[in-house]
Amino acid sequence: MERSLENRWIERYRAWAATRGAASVPLLEAVRRKALEAFERLEIPAKGSGHGDRYHYTDLRTAFAGEYRLATEAAPASATDSDSLPIQGHRIRLLNGGCGEKTLTRLSNGVIFGSLAAAARQEPSLVERYYDTLTDPQDVFSAMSALWMQDGVFVYVPTGVEEPLPFVIEDEVGDGGEALYCFARHLFVFERGSAARLVWDHRSRGEASTLKCGTREVSVGEDARIEMVELYRLSAQAVSVSGGYVRQARNSRFESLSASFNGALLRHDLTVMLDGCGAENRTDGVMLAGEAEKFDYTTDIRHHVSDCTSSEQFKSIASGEGTAVFSGRIYVAPDAQRTNAYQQNNGLILNTGAHVYTKPQLEIYADDVKCSHGATVGQLDPEAIYYMRQRGISLQEARRLQMYGFVREVLGKTRIEGLAEVLEAMAVDKIDRL
Amino acid sequence: MLEVKNLHATVDGKEILRGINFSVRAGEVHAIMGPNGSGKSTFASVLAGNERFEVTDGEVLYEGRDLLSMSIEDRARAGIFLGFQYPVEIPGVSMANFLKVAVSEKRKYQGLEPLSAAEFLRMMRERASVVELDSKLTSRAVNEGFSGGEKKKNEIFQMAMLEPKLAILDETDSGLDIDALRIVGTGVTKLKRPDNATVVITHYQRLLDYIVPDYVHVLYKGQIIYSGDKSLALKLEKEGYDWLINQYE
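Protein chains in written order, with the numbering used here: chain X, 1 to 434; chain S, 1 to 249.
Bound conformation, chain S alone (with noise of 0.2 Å):
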């Protein structure tokens, strides 16, 4: 499904990726760790298209697509969802009607006709129940005056609703409390299906608790320095990076 070969990319002239090999087959979960400032952010954002960061090596192949060269709503449309660290407010602009335009360009994207207001209103009452959002959030503006367990669990709602075949989950567990914690693991694995993949960024065990993955990545100077399966996650959270990093200097 996604293929990153030897990925770099700079943020004002500054190399934050350096050579990332990574790749992703349907039906996976990767969890990507490191410590801070390892570049997992950069790295979820450049396979998003954000237009900060520049990409000066490498390639993506996107279901054999070339990923680098499509436009991020295209990116979007073709099924690749980022969910946000720090999701944006957008004043003025109603969850329902964003999600509306969004559902829409994605189906027409898809070759699909729209979807009836009353399909589109029954898809959005089953949706948010995922990750049990207060369905009176849809009539209030884009994460405005959310709580910040509110905003991640939004997330997740707009994924169920896109329905993307890769989904980066970029520290969706930064943040929450326990209970949030649990309903967004618990509504990540409840999307999960033969023909998607998630890739999930994180600092922490606990989420890979519910979202339980393939394989778990380590992020170090822009590299991924080791892999291995989940079992790598728990000793990490006993042990720290210190092991893994003396080992690549």
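Isolated chain X (complex conformation) (with noise of 0.2 Å):
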């Protein structure tokens, strides 16, 4: 194995860290000594690469090969944002992977939130307890996430509290004019009985080459019920590389929906452990790659036990040069019986030199199980492009409403107050564009 580029980032590393005080935290130090040595065996995975084929699609090799500086601590994140969204919430603000003051908020329900190295300080026990137990060993990015982290977001709602408002985090990434990598590790531990809603608002400040990586562990209690939205809106020179670990407990659910609706390279990877029987995960998104984007949505759904029920629905449309991935496993193991498992994947292509990739993976090892999949890639229809404007709608808002017509079935999934008008707001304003 060539290791010029792990080894490249190795160095860095050892720069970085000689110049580090000795302000760290004991239980973040422990978990990059432990990620260091998980990097050094490690690769930077190349197109087609990787364990179990998740890189087929996708080459993020090259992407980590620019001279971009590092980001350190970062500047406080700006407190009004005119880009800010009109959702009602507590605000988590993130800019270059560090909330900046590094405080944390403590609701009189218990619920605490913000930064994750602040809650790595002042609640040493309970961020170890949940702290890189859920991710993959194998994996490169949480790995070099962890080597490099100096904050990320932290969430934790105890037993039986049911949050009202939904938490809004507020990502940003860029520098002015500098071309940076920034890296983050986020944790957000739902207990028994807990219900939250969270937003996941990923922004670009500037227009400059970013490259962000971070790496989420999700733990979903006994009967909690969560809902996550995710929009990513980067600049055109931005890539995001975005692990995801989901645990869920017996009876929970677990709602996720992500929007791709601007970036260079937006590259999600979804882990959900369906652990606790009666859990229950849904896993939606939207991709709109136009110009030269490239989104890539890979997921592993796991049925680890019996009576789990998931359902996947993506849609995609890719214009210009854009393409779109979807990727999804779905795993079950072998006493895993009475697994309810579906998945779904449609794509538009608007022009030749787009792209749409759709791979569904069934692994399946128990006998008493529901699993199905559908896939669909074609174009617009033109029999209802013209039918519209039979009615006197002109070509563009023909096939906008097409457009919009196809996406807006998994759009409008969300239950956040103002959220499904936001997220159709920008659906519009990108299709326009594609």
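Keep in mind that the hints were calculated from the coordinates and are not lab data. As the structure is a computational prediction, the values presented were derived from the model and not from experiment. Beta carbons: idealized from backbone N, C-alpha and C, even for Gly. Treat the hints loosely; a few may be bogus.
[As the list claims (entries may be wrong)] Each computed BS3-like pair below joins lysine-lysine, with the alpha-carbon atoms no more than 30 Å apart:
1) S:LYS221 <-> S:LYS235
2) X:LYS413 <-> S:LYS100
3) S:LYS190 <-> S:LYS108
4) X:LYS413 <-> S:LYS151
5) S:LYS136 <-> X:LYS413
[Said to hold, decoys possible] Stretches of chain X that chain S covers, calculated by requiring three or more beta carbons in the stretch to come under 8 Å of a beta carbon on chain S:
6) 378-392
7) 404-413
Assembly of the complex is requested from the two constituent chains, each provided in isolation within its own frame, with the hints serving as guidance.
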């Protein structure tokens, strides 16, 4: 294996480690040491490499080959922002992977949220119980993010608490004109019987090249009900490599919706471990890739025990030289009887330079299961366009209506107040540029 | 209102219309009949502007304007409505949203202010009742999951919403049961005004019991070979087209 790229990153790490002060948190440092050992044997995947064929369509090696500055201590994120989502909620502001002030907010109902670094310092036993417990030891990006992380998001909802207000994560990357790398680790803990909703807004500050690499762990306790919506509206030079590990306990429900609107390369990797009987998972997404954008959503839904339900619905539109990839693996363990798993992926290609890839993988070792998947890739329907134009609707508006009609079913699934309208406006705006 | 002169049109290089001459004045109802493959639907599609067909000769004047140089949507906004033989399903686009856009584009073209949400909803309710269309259908996606009869009623509902000057109904009666036929037929008649006109393309006389034509034309091999009054439809129903075709050949 040719390791010059990895070796360059290790040198970069050693140089950075030598300059770091003693202010570090022991817990984070312990994971960092483990991550360094892992990274020394792992490989940044090129296209077609990686375990389990996870990187079949997307080359991430090139993305990590730039000579960018590594984002160090982040400046405090701006308090107000015209781009801020018009959604009421608890704000968590991140800039280049850091929460700035490194503070934690504690609500009277026991909810804690804010900076992961602050949580590791102030709530070490709580963080230790969950931090780096769900990640895959073979995942090079979780190792890299643990190695370079200085901060990230922490949300804790205690047993039985139903938090009425959503958490709104305003996650910005970029720092004026300088190209940079930034890494973060995020930790979400939802205890038994809790309920919470989260919106995660990924934005760019400025137009410079950036690479954001983050790994999140989400622990969903028994009977907990969680909804998470993410939107990516990064600049045309921004790369995001995002890994997620979700573990669901008995009878829990976790619903996620991801909308990829803008960014040079958006790679999402999601592993869901259904570890408690009766758990329900819903994972949905929309990808609107134009120009040379490349969006890749790879999921691994793992039914480890019986009587769990999972459903996935992804819709993609690609135009220009844009590419949208959906790879969805469903794993059903030998004892996971009465599994009900469903996966659907539909793509629209607007012109010959654009690509939509879809790769369902069903790996079933139990015999009493209901597993199905469906995939379509097509074009806009010229008959429908003609029909709309015959009713006086312009060609452009007819195309827009048809494309929006295609994705609205997915975007409309969120129950967070006011969010569906926001997603609709962003989708229409992007569709106009496809 | 409409003046068609020597209209020739082809699809994939094959000539379908071979010199149609046809004119419609405001207030009139015309029926176009003829055997299968005679070019009836092609004629309707060419008037609507369907890009699958190429006009190779002739001209069409609509209210004094050159219709053939107008885009599909401008023809529609100027008052031409085509009732589709096979209405198209548009997943994810609700009837209400679709009609809101269509009505507001038409009003913009006419220099009118857009309707308020309340006015638009009231208009939808009123017009849906013209064809006894279940108003619940307006919250569904366009034609998606509609029965054959609902799709045809929906065409007439859209016609009621868009108030065309010239409505061309392409085999609106096909696939309808007796009740739906009556509802669609009387619906069209309710929308009749002295300043609009209707062209009905049909195989059967039965629709013409409801939409009574002033003129009946027979299209054969891409030409109108015979025109008469409403009694012609009855004669065709009884005797078929052979006597006319023999005369023509």
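Hint by hint, here is what the structure shows:
1. The suggested pairing of S:LYS221 with S:LYS235 holds, with an alpha-carbon distance near 20 Å, which does not exceed 30 Å.
2. A distance of roughly 23 Å separates the Cα atoms of X:LYS413 and S:LYS100; the hinted pair therefore holds under the 30 Å criterion.
3. Between the alpha carbons of S:LYS190 and S:LYS108 the distance comes to roughly 26 Å, so the proposed pair stays at or under 30 Å and holds.
4. Proposed proximity of X:LYS413 and S:LYS151 is supported: the alpha carbons are some 28 Å apart, at most 30 Å.
5. With a CA separation close to 21 Å, the supplied pair S:LYS136 and X:LYS413 stays within the 30 Å bound.
6. Residues of the stretch 378-392 of chain X lying with their CB closer than 8 Å to a CB of chain S number 10, which satisfies the three-residue condition for coverage.
7. Coverage of a stretch by a chain is defined here by at least three residues with a beta carbon nearer than 8 Å to that chain's beta carbons; for the stretch 404-413 of chain X and chain S the count is 6, and the condition holds.
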